[in-house]
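Student: Sequence:
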Amino acid sequence: MADPTAETAADKVADPGTGQVAVDVTGGGTGVTALPAPAPRKRPTGTGRKLAIGAAAWVIAILFVLPYLEMFVTALRPADQLTDDSYLPSEFQWSNFIDVWKDSTLGDNLKVSLIVCALSTLLVVIVALPAAYYTARRRFRGRGLFLLLVLVTQMFQPTSLLVGLYREFYVFDLLDSMWALVLVNGAFNLAFSVWILTAYFGSIPVELEEAAMIDGASRLGALRRVTLPLAMPGIVTAVIFTFIAAWSEFVVALTLMTTPEKQPLTVGINNFLGAYEVQWQYLFAGSVIAIVPVVVLFAFIEKHVVSGLTAGSIK
1 MADPTAETAA DKVADPGTGQ VAVDVTGGGT GVTALPAPAP RKRPTGTGRK
51 LAIGAAAWVI AILFVLPYLE MFVTALRPAD QLTDDSYLPS EFQWSNFIDV
101 WKDSTLGDNL KVSLIVCALS TLLVVIVALP AAYYTARRRF RGRGLFLLLV
151 LVTQMFQPTS LLVGLYREFY VFDLLDSMWA LVLVNGAFNL AFSVWILTAY
201 FGSIPVELEE AAMIDGASRL GALRRVTLPL AMPGIVTAVI FTFIAAWSEF
251 VVALTLMTTP EKQPLTVGIN NFLGAYEVQW QYLFAGSVIA IVPVVVLFAF
301 IEKHVVSGLT AGSIK
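Residue 289 in the working numbering sits at position 289 of the sequence shown; the count goes up by one each step and never skips.
Derived from the structure by calculation, the hints contain no laboratory data. Fair warning: there could be bad hints in the mix.
Unchecked claim - Label pairs and their computed distance ranges (CB to CB): (1) 218 to 179: 32 to 38 Å; (2) 170 to 213: 29 to 35 Å; (3) 213 to 161: 31 to 37 Å; (4) 144 to 68: 15 to 21 Å; (5) 277 to 172: 36 to 42 Å.
In this text the structure is predicted, and so the values were computed from the model without any measurement. Beta carbons are placed, not taken as given, at the ideal position from N, Cα and C, and that holds for glycine.
Given only the sequences and the hints, what does the whole structure look like? Please build it.
Tutor: The structure is reproduced here in structure tokens:
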């Protein structure tokens, strides 16, 4: 005896698109009622939200750019129009950028800053890389305390240690020497670089190095070909932080360096602030020149931030 429930179930066909069931009303079990295709749902495009975010981004960008634009305009003002209320001068004095090189030691100051920042950054990277790699790969006793002490050293400002630094460099006859600035900037930026590089090395799986060593690479070769490319974002961050910190350092350089030609750019620009007169056009012209190397550094290494995320992981 046939089961009526089975016949009823056989006469029903589910539409896979909507989940609805079409029933064979003829009773023959062969006809299926066709269901119309459902209309596609309209999803919100979010155009208004994108426009709002874009407008907010432009407003924020303009607010950040305006001080630099004002600095650039003031650097081009003639000396007799520095106190005018107009936003733009009647004429642009491009010779201010030429006179600031002729009438001051700004060229020598720029060279000193570039040398000090480059050597300080190189010193930090050379010392921080092996220290951070060993700390990330070895679980030695006191590792947590070591990282804590490294972080605590960031709380000390150079100003609080200024007297001790002056006496120390006086004993070693390093006053008024670029090497004093290299050592100071390297020492004060080393802790941050070790901390951030330890975190980056710790996030890289050790199995990648083991696979490279199985293929015949030494530990040093695995570090150079696999780990360092993957840690490139951390290295770039340490380089940027060290370079900018050394570039903007002022108090220690003002104390240790007495010869105008040996002073870095931050101290050289400060020399335009006289006791009775302030040469605003030269001060702002020097400030514009001071930001150019940092912008060039960012433009040069920005591509390595993204490429370093995956470089070295594919053989």
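Student: So, for every hint listed, does it hold in this structure?
Tutor: Hint check results:
The beta-carbon spacing between residue 218 and residue 179, approximately 35 Å, falls within the hinted interval of 32 to 38 Å. The beta-carbon spacing between residue 170 and residue 213, approximately 50 Å, falls outside the hinted interval of 29 to 35 Å. As the Cβ distance of residue 213 to residue 161 is approximately 43 Å, the hint placing it in 31 to 37 Å is violated. A beta carbon spacing of about 43 Å between residue 144 and residue 68 contradicts the range 15 to 21 Å that was offered as a hint.
Here the CB-CB span from residue 277 to residue 172 is close to 38 Å, well matched to the stated 36 to 42 Å.
Going down the numbered hints, you'll see the structure goes against 2, 3 and 4, while the others check out.
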